[in-house]
Amino acid sequence: MTDPEHTFGFSTRAVHAGARPDPTTGARAVPIFQTTSYVFEDPESAAAYFNLQEYGNTYTRIMNPTLAALEERLASLEGGVGAVAFASGLAAQMAALFTLLTPGDHVVASSALYGGTVTQLKHLLRKLSVALTFVDPDDGDAWRAALTERTKALFAETIGNPAGNVLDIEAVAAIAHAHDAPLIVDNTFATPYLCRPIEWGADIVVHSTTKFIGGHGTSIGGAVVDSGGFDWSNGRFPVVAEPSPAYHGLAFHETFGTYGYLMKLRAETLRDLGAAMSPFNAFLFLQGLETLALRMDRHVANASAVAAFLAKHPQVEGVRYAGLPDSPYRDLVRCYLPRGAGAVFCFDIAGGRAAGQAFIRGVSLFSHLANVGDAKSLVIHPASTTHRQLDDGELTAAGIAPGTIRLSIGIEDAADLLWDLERGFAAAREARS
Amino acid sequence: MTETVPARFQDPQTIQRLLHDIRTIAIVGLSANALRASHFVGFYLQRHGYRVIPVNPRETTVLGERAYPRLRDIEERVDAVDVFRGPGAVPAIAEDAVAIGAGALWLQFGVLSFEGAAIAERAGLDVVMDRCLKIEHARYLGRMHWLGFNTGVITARRRLA
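Those protein sequences? They're chains A and B, same order as listed. Note that the first sequence covers residues 489 to 921 in this note's numbering. Note that the second sequence covers residues 69 to 229 in this note's numbering.
Mixed in with the good hints there might be a few duds.
[To be verified] To give a feel for the contact side, a few chain A residues facing chain B, derived at Cβ under 10 Å:
#: 1; residue: R508
#: 2; residue: P511
#: 3; residue: P531
#: 4; residue: E532
#: 5; residue: E542
#: 6; residue: N545
#: 7; residue: R549
#: 8; residue: H736
#: 9; residue: L738
#: 10; residue: F744
#: 11; residue: P816
#: 12; residue: K864
By construction, these hints were calculated from the structure, which means they are not laboratory data. We put the CB at the ideal spot given by N, CA and C, even for glycine.
Work out the full structure: start from the sequences and follow the hints.
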């Protein structure tokens with residue numbers, strides 16, 4: 489029995505939530521259920537599972553016990569009522585939106601998002617006949633001014649990629665709720681260890697689990713976590729609340745209450761879009777979550793040391809790490825990210841594009857690649873890679889200059905990271921002379 | 069936002085004890101429409117071995133069981149009364165639940181009635197409010213964790229106690 493007097497802490501839940509010992513075999517680690525499908529007990533049970541009258545496994549495109557352990561653990565850590573895993577972070581956030589949107593709707597999103605997200609929202613939503621407005625995430629009036637009668641969701645990142653802006657979650661959630669719309673927050677850069685957006689009013693949290701949750705750069709994945717707190721029956725979301733033609737007239741919100749959005753997300757959106765996570769990847773993400781707290785403390789400590797080093801460096805024109813004492817986001821960090829402002833940030837090297845490229849050629853411990861949130865330290869030049877599809881105006885809105893370099897600080901020894909960065913600066917000096 | 073439900077009406081210990089102890093559940097407002105939430109709950113509880121007695125004046129039979137117009141018409145022992153009616157109907161249902169000697173009054177999602185709860189509590193009934201009987205069963209005894217829901221269960225034991 490659970491003891492109502494006792495609440496388990498974050499690190500305990502990171503190790504245990506969702507992972508009851510297997511009742512059949514006693515296996516203590518979460519087994520990798522590498523199966524496409526599940527044998528039904530009898531025709532009545534099969535019918536009950538497909539009708540959603542009973543929680544049961546049917547097909548791994550829709551559910552899988554290894555994924556379920558990951559989903560429950562993520563929901564526990566974020567403070568949500570449940571989660572659904574997806575094949576990637578982009579698949580997760582599109583599914584989160586797709587579930588609640590209909591053609592003619594409108595979305596308001598932060599302009600300082602991951603480049604892949606900007607591209608996805610801008611082009612894919614248009615194909616779905618959904619309108620989109622980008623706003624400066626730091627400007628509450630801009631969020632309010634962008635709202636229309638058809639606005640059905642507000643979308644932002646806890647810590648923007650790569651500009652490092654910190655979202656005033658409570659303020660933007662209040663703007664969303666005054667408009668009877670949900671706030672969707674991408675919490676990839678903070679992880680639930682550093683910030684739990686649901687506690688500040690966010691309705692839906694999305695993740696690229698590829699990053700710090702996996703933590704070792706091995707697997708692509710994503711997830712949607714639902715707070716269970718948004719009232720889908722407020723009249724603005726018939727797509728969630730009314731009987732669904734895609735599920736023989738089932739009214740998800742009425743039938744499943746708090747769990748209605750998640751049931752629809754799984755039983756319709758995941759079923760129909762088909763972007764299911766592989767069980768093996770789910771296993772690796774579960775392994776990653778077990779050490780999330782330990783790793784994030786180290787990531788943050790190293791990131792703080794590197795940011796302080798860069799801030800004093802004569803070849804650096806600016807460091808955009810929200811954890812620096814003179815950051816414009818200092819107060820928001822104190823509020824939302826008291827354990828640290830993450831480990832991904834940008835700096836601008838003196839000498840622009842040429843110096844940036846020489847710097848990247850000069851380092852040998854930092855890996856030059858297009859990912860973040862690995863135990864290994866990573867470096868990239870956004871203007872020529874991750875944000876390549878953005879035009880100059882969009883680049884500026886996302887806080888990126890030609891000489892901007894993005895770092896993802898790993899869990900190596902900080903002294904070795906500073907040594908390697910100094911080699912990069914030496915290479916940049918040589919390139920100039 | 070809705071009113072805050074006191075913790076004793078959503079107490080995990082009470083809920084788990086009820087799930088273990090009750091066998092016969094009268095469901096007030098059990099619909100014959102297979103797409104209504106009450107039907108989902110009744111169907112599920114039957115599958116998991118509970119005896120379900122429909123209370124619905126507009127039906128004669130639901131889920132293969134004879135339906136009664138009122139709780140007071142039921143001729144056998146009822147362990148728990150599960151309510152799918154508007155909050156305004158709850159005080160009278162609570163009085164009926166007391167009259168037939170039921171052991172618990174269970175009010176589903178959104179069925180908030182402090183007056184009804186007080187009537188049942190004064191007579192010694194356990195009261196659960198704003199919780200779904202199916203979901204709580206699935207959380208503690210069933211397979212809710214198979215679909216990625218946050219059950220709150222943390223255990224290193226092979227079988228749940």
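Hint check results:
no.: 1; hint: R508; result: holds, 6 Å
no.: 2; hint: P511; result: holds, 6 Å
no.: 3; hint: P531; result: violated, 13 Å
no.: 4; hint: E532; result: holds, 8 Å
no.: 5; hint: E542; result: holds, 6 Å
no.: 6; hint: N545; result: holds, 6 Å
no.: 7; hint: R549; result: violated, 14 Å
no.: 8; hint: H736; result: holds, 8 Å
no.: 9; hint: L738; result: holds, 6 Å
no.: 10; hint: F744; result: holds, 8 Å
no.: 11; hint: P816; result: violated, 34 Å
no.: 12; hint: K864; result: violated, 30 Å
Going through the hint list in order, the structure does not satisfy hints 3, 7, 11, 12.
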